[in-house]
Amino acid sequence: MNKKPVGLLALDISCLVLLAVATYLAIIFAPMEVNMGNVQKVFYFHVANAWVGMLGFIAAGVAGIAYLRSQDPKWDIVEVAAVEISLVFFLIAIILGSIWARPVWNTWWTWEPRLTTAAITEMIYLAYFMLRGGIEDPNRRARFSAVYTLVGAVSVPITFMAIRFFRTIHPVVIGSQSAQAQGGFNMTPDMKIAFFFSLFTFTIVFIDLFWHRIRLGFLANKVEELKLKVME
Amino acid sequence: MPFTTPETTNYMIAGYAVFFGIFILFITSMAIRWSNLKRDFLTLEELDNSKKP
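Line by line, the protein sequences give chains A and B.
So in our numbering, the last spot in the first sequence is 235, and the numbers never skip.
So in our numbering, the last spot in the second sequence is 166, and the numbers never skip.
Simulated from the structure, these hints should not be mistaken for laboratory data.
Just so you know, not all the hints are guaranteed correct.
Where chain A lies over chain B, by a calculated footprint (3+ residues, C-beta under 8 Å) [claimed, not checked]: (1) 118–127; (2) 130–142; (3) 145–159.
Note that the structure is a prediction, hence the values are computed from the model and not measured.
Glycine included, C-beta positions come from ideal geometry on N, C-alpha and C.
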């Protein structure tokens with residue numbers, strides 16, 4: 004039953020190696036930033052986690068569209084998988100940002116545009132699971148969830164662009180930033196290596212976990228079908 | 114007064130500890146859910162087979 008595909012096993016092993024290398028590059032290889040000290044090294048994983056978080060929320064929206072067009076339950080499974088994984092990565096990104104902010108901004112949290120929109124996005128997708136938990140009929144649940152992820156996906160570009168549209172203290176590493184930004188820095192070539200390698204690593208880790216979570220969803224579906232069959 | 118780089122190593126360690134902590138917790142939760150579902154599936158399959166004449 005559902006033997007793990009060789010491709011998935013290869014991806015699991017690749018993820019372990021990539022994560023080890025990414026951690027090495029971020030903590031040891033990348034130079035220390037002089038104004039912030041070692042806490043700046045949190046940035047490599049912070050951005051990478053936020054990236055895959057947003058990627059998954061968008062993927063969930065796409066799966067939502069696919070479900071609404073086809074009414075195929077497999078898209079509902081894909082959608083749930085994307086939201087669950089992204090919720091975890093996005094939460095990590097928020098916590099890492101808060102840890103970075105403590106010594107740099109002298110506060111764990113401030114209600115500036117990026118942090119506020121990120122918190123709202125996280126709560127929107129947390130509420131997604133509450134919505135699902137409140138609907139018993141599977142078809143109705145899938146339809147409502149699909150529409151919800153479409154509406155929820157709007158929060159992703161808003162969160163991404165918040166530091167570019169508004170006057171904010173959150174730094175913009177790529178592109179021009181607001182004069183109020185605190186904790187910004189220019190990346191050296193070694194920092195860029197650590198940064199882009201982290202982005203690549205987390206993209207692969209996301210694909211791997213996404214695959215696992217989709218398989219889990221399909222197995223859960225099979226168990227539900229079998230339960231109904233046995234109870235008949 | 115000369116500028117000295119602040120000592121923020123503890124925050125860096127906390128950041129990576131939080132990442133690996135939550136990440137491992139999530140993977141463990143997926144593994145537990147998988148094994149529970151697999152067990153349920155096998156039990157239900159057995160029940161289903163026993164119902165067949």
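Inset, instruction - Kindly indicate which numbered hints from before are broken by the structure, ordering the numbers from low to high. - result: none
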